[in-house]
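Residue-level listing of the chains:
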Amino acid sequence: MSWKNYFSTSIGKKLQMSLTGLFLIVFLLVHCYVNAQIFYNDGGVRFNEAAHFMGTNIVIRITEFGLFGFLILHIVQGLSLAMKNKSRRSNAYAVSAGNKTSAWYSRSMALLGTLILLFLVMHISKFWAPNRFHQLTTGEEMNLFTAMREEFQTLWVVAVYAFGCISLAWHLIHGFYSAFQTLGLGTSKYKGTIKSIGVAFSIIIPLIFLMMPVLFYLHIIA
Amino acid sequence: MPLNSKIPAGPIDSKWKTYKATCKLVNPANKRQLEVIVVGTGLAGASAAASLGEMGYKVKAFCFQDSPRRAHSIAAQGGINAAKNYQNDGDSTYRLFYDTIKGGDYRAREGNVHRLAEVSANIIDQCVAAGVPFAREYGGLLSNRSFGGTQVQRTFYAAGQTGQQLLIGAYQGLERQVSLGNVEMYSRHEMLEVVMVDGVARGIIARNLVTGELERHFGHAVLLCTGGYGNVFYLSTNAMGSNVTAAWKAHKKGAFFGNPCFTQIHPTCIPVSGDHQSKLTLMSESLRNDGRIWVPKQKNDQRKPSEIKEEERDYYLERRYPAFGNLVPRDVASRAAKERCDAGYGVGSSKMAVYLDFGAAIERYGKIEANKQGKPNTSKEEIIVLGKGVVKEKYGNLFDMYEKITGENPYEMPMRIYPAVHYTMGGLWVDYELMTTVPGLYALGEANFSDHGANRLGASALMQGLADGYFVIPYTLGNRLADDIRTKAIPTDHPAFVAAEKEVSDRINKLMSIKGKESVESFHKRLGKIMWEKCGMARNAKGLNEAIQEIRELRKEFWSNVRIPGDIEEFNPELDKAGRVADFIELGELMCLDALNRNESCGGHFREEYQTEEGEALRDDEKYMYVAAWEYKGDSNFELHKEDLNYEVVHPSARSYK
Amino acid sequence: MQHYNMNLTLKVWKQKNSKTKGAFESYKVSNISSEMSFLEMFDVLNEQLVSEGKEPIAFDHDCREGICGMCSMYINGRAHGPWSQNTTCQLHMREYKDGDTIVVEPWRADAFPVIKDLVVDRSGFDRIIQAGGYISVNTGNAQDANALPIDKQKADESFAAASCIGCGACVAACPNASAMLFVSAKVSHLALLPQGDPERKTRAFNMVNQMDTEGFGSCTNIGACEAECPKGISLENIARLNREYIGSMLSGSNAEGLTN
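Protein chains in written order, with my numbering: chain Y, 1 to 222; chain P, 223 to 880; chain C, 881 to 1140.
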């Protein structure tokens, strides 16, 4: 009986989603902490220091590969599960229960995930990709603080970021609890706590992210 | 043909031991060559099929439901008896035996009943080992409660869902054998004929209820575990699909029908609310542990129960039967309720109901709970809240069910209950080995007549079903099949199979060709009405004679005016039902005949002509201490055979619960 | 409780067999008493159809007291209708009022193919049980029932899980048509008892594997199953199943008896 067998059943795949999801949650926390340095409003000094550390530390750089690996696994597995699950009921109900028996965001994880993915494509192409390209070609990092300040002067960019953060919040409200439930921690003893922490996390982290483009746009951070 | 019950010789407590020690055995290699057909997958069928599969027989199991787990054993609520004496209250095998014989009003076989009491303890062990989650005490040991007709606590239970838990246990064992390839399961299949080869049952004709196709199945022996026939009354606590068809086909092939008129009317059911009613719902007998039954002392009292003061209430069971009070056996409690309602003291809009009141129990439990929590000065309101909590824990699911059906909250006002048909003690006549008068054809569980006499005690049906399936048939079947090891499997193109299949298909074609005007359901309702009014809780010769005539006419009408829509070769529930109702009609006549023949009152059989001055049942041991085993001789023609009952151990006396 | 009569319009799924396509048909029923059960209302409709020479609607039902698990209708978007912790047979017409329209569909899941009208094939559940939903104990091998005390709380939890009636409402309600609540109820029932312990390492995997083979969807922790379960089987059981599964993965990768 190999690990592969264990990871290929529906619970196995759910475990993949849970573990990669938890990794992404940790990533969000770190990303949020680093980016929150801009709130010092010191012209990006502390932020660029932190970004420099993240961009050059060997452990972080290796982990970055893992991050992309897990992210891709999370996306591919998530979409494939969603499509497969959809196909398990080829004749849809004429009348559906709607929100009476479950929450819309729990049923819409693939949709929310896809929205986040679209946002990510733009986000990566604006910051991560150019920075790495810059590093590769010049050996120097970009000044990400300046890049942010420039990007977030455009209203539609800020709007897309807002949209991405809101999608992320809903995705997390289900995802955070779900990851722990999959690990078997959704017991009567822990379920309440996990759900509360999950909701708090899902609101606070996206909110902090959201404040960044908004504060730049409003020139509160300059 | 003299009936030979094959009770082993010797003292009562060594009969079964002797049998087990001396019966013939089949060696493992031969078991693999022997095929056994099990019809029905309730407690008796599932436990038999699983046990026989484990032993190595090749088993085919059949059920008409979509899964073996749905058999109606699942609906048993209260519990299962066993002489474990875990409560140290003086229980023993002998006492369980004695209570069952007495509860059955001295119309059951001593040998069978003692065996039942002996194996009862093993059943609990077996079920616990198989993962049945019985109720437990804080110390981790099994909990017991008391049931009607006994003075000890020997009933094991799992909330109000004991039947479900036991059946799931047996079902899981059965599915395990299916996965191992020892049992082949045929769901949504109905047995429609027994195939006889040289006077021996060698298989069945079954109809695939999804496709409508007829199938032939061979077996060295055929086990009928098909339950009771309470649905002959249309309204009963049985499931909608419960039927007599398999047993009736066997009867027509030569299996005698034992004591068909012995029907159990359960005292605590939710009353009928209107003509639309399709079934009656039981409220477990366990409720009588804590509920008190009463009617107003004043006739036609229109007041709400809460407005009727304590001294204006007639707790008639406690009044009439002080020793057993609300825990008298079912037949006694049912008749007492009928007596009060007939006399004009009934309650509710139909006036055909009595109250089952938990007020006193709630207060009593509330006080105990308050003391437990160290709050002796709790107010009355709080005591009631606490008490309701305790009652909820004990009977919550039953109370919820009552509320769903009636729309009334039983925590606030007493339940209204009335007796309803629940169980049939009668069934196919079997000997000690559970074999019918047809060689190779066995009947287990409620389908046979053997253990409960004229009245079954609460929590004994589950016990009997599992006893037969787990602990009796594995021995007795081997005793027969040991002589059958040279019989090769008979190919199903044998003329006997062809003929049996033709019989079935002719009958189905005939039913479909009637194309009359009246629905099957309507005929069933009409039959039920005749049976309930004239062969129900109280019977008399005049009514029974009328009933026989009415049933004969109904039968003619059925066969000339029934309307069955749809086709034969498709999923057609109306056709399935038509076959069952046709058999019920024939059975109904036999039941009335049997009731007419038995000029005495005993257990569930109450003939108005035979009662004491106080209205208690009056037995006639001189003339009727026998099992009436009826042989089918053609349409409306039945011959009575008597199996005399010899009481070597228990001395029949007037049954008193006073 | 005030009783009343009502007239209703029913839109019911009609499908001849698993091979043909189905469609909704409309029916009118009148003088339905508020005291009837939902299935008794269907009895009235079927009687009416038979008398009109039409074919009645096929629907599964048996005990009509909420325990056999046979009845299975998806009523106005809800498995077993709108009442919580309830089966269709126990749903009563006092829920509805005169003039209402009720849409009735079969359980829809590819793993539950329609046999006819509202009747579906749930034999996949039996095969899931066959994959490991039992304790391997032969008749006659048991020790005394009280030889092994079981913590009351665990016994009660086990009972709560075992009260699953196998009706399939969890599958019907689940947007993924997953049977995870059913599987988890059985795994929990057995995992909570010491008798179930010896086969723990294989049970969860084998049953889940069979569930996948049957074509049920996978669980994404949505929770509609719990909301619609007539017996109130909790999602906690799925958490326990997941623990059992992970436990088996971490400790019993080479356990004998795993399928696959």
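There could be a bad hint or two in this list.
To be verified - Under the rule of at most 30 Å between Cα atoms (straight-line distance), these lysine-lysine pairs were calculated in the DSSO-like manner:
hint	chain 1	residue 1	chain 2	residue 2
1	P	K474	P	K280
2	P	K594	C	K894
3	Y	K195	Y	K100
4	C	K1032	P	K778
5	P	K597	C	K1032
6	P	K594	P	K747
7	Y	K195	C	K1032
8	P	K589	P	K519
Hints are computed from structural coordinates only; laboratory data are not their basis.
Status of the hints after comparison with the structure:
no.	hint	in the structure
1	P:K474 to P:K280	27 Å, holds
2	P:K594 to C:K894	58 Å, violated
3	Y:K195 to Y:K100	19 Å, holds
4	C:K1032 to P:K778	59 Å, violated
5	P:K597 to C:K1032	25 Å, holds
6	P:K594 to P:K747	52 Å, violated
7	Y:K195 to C:K1032	28 Å, holds
8	P:K589 to P:K519	29 Å, holds
This entry does not satisfy hints 2, 4 and 6, going by the numbered hints stated previously.
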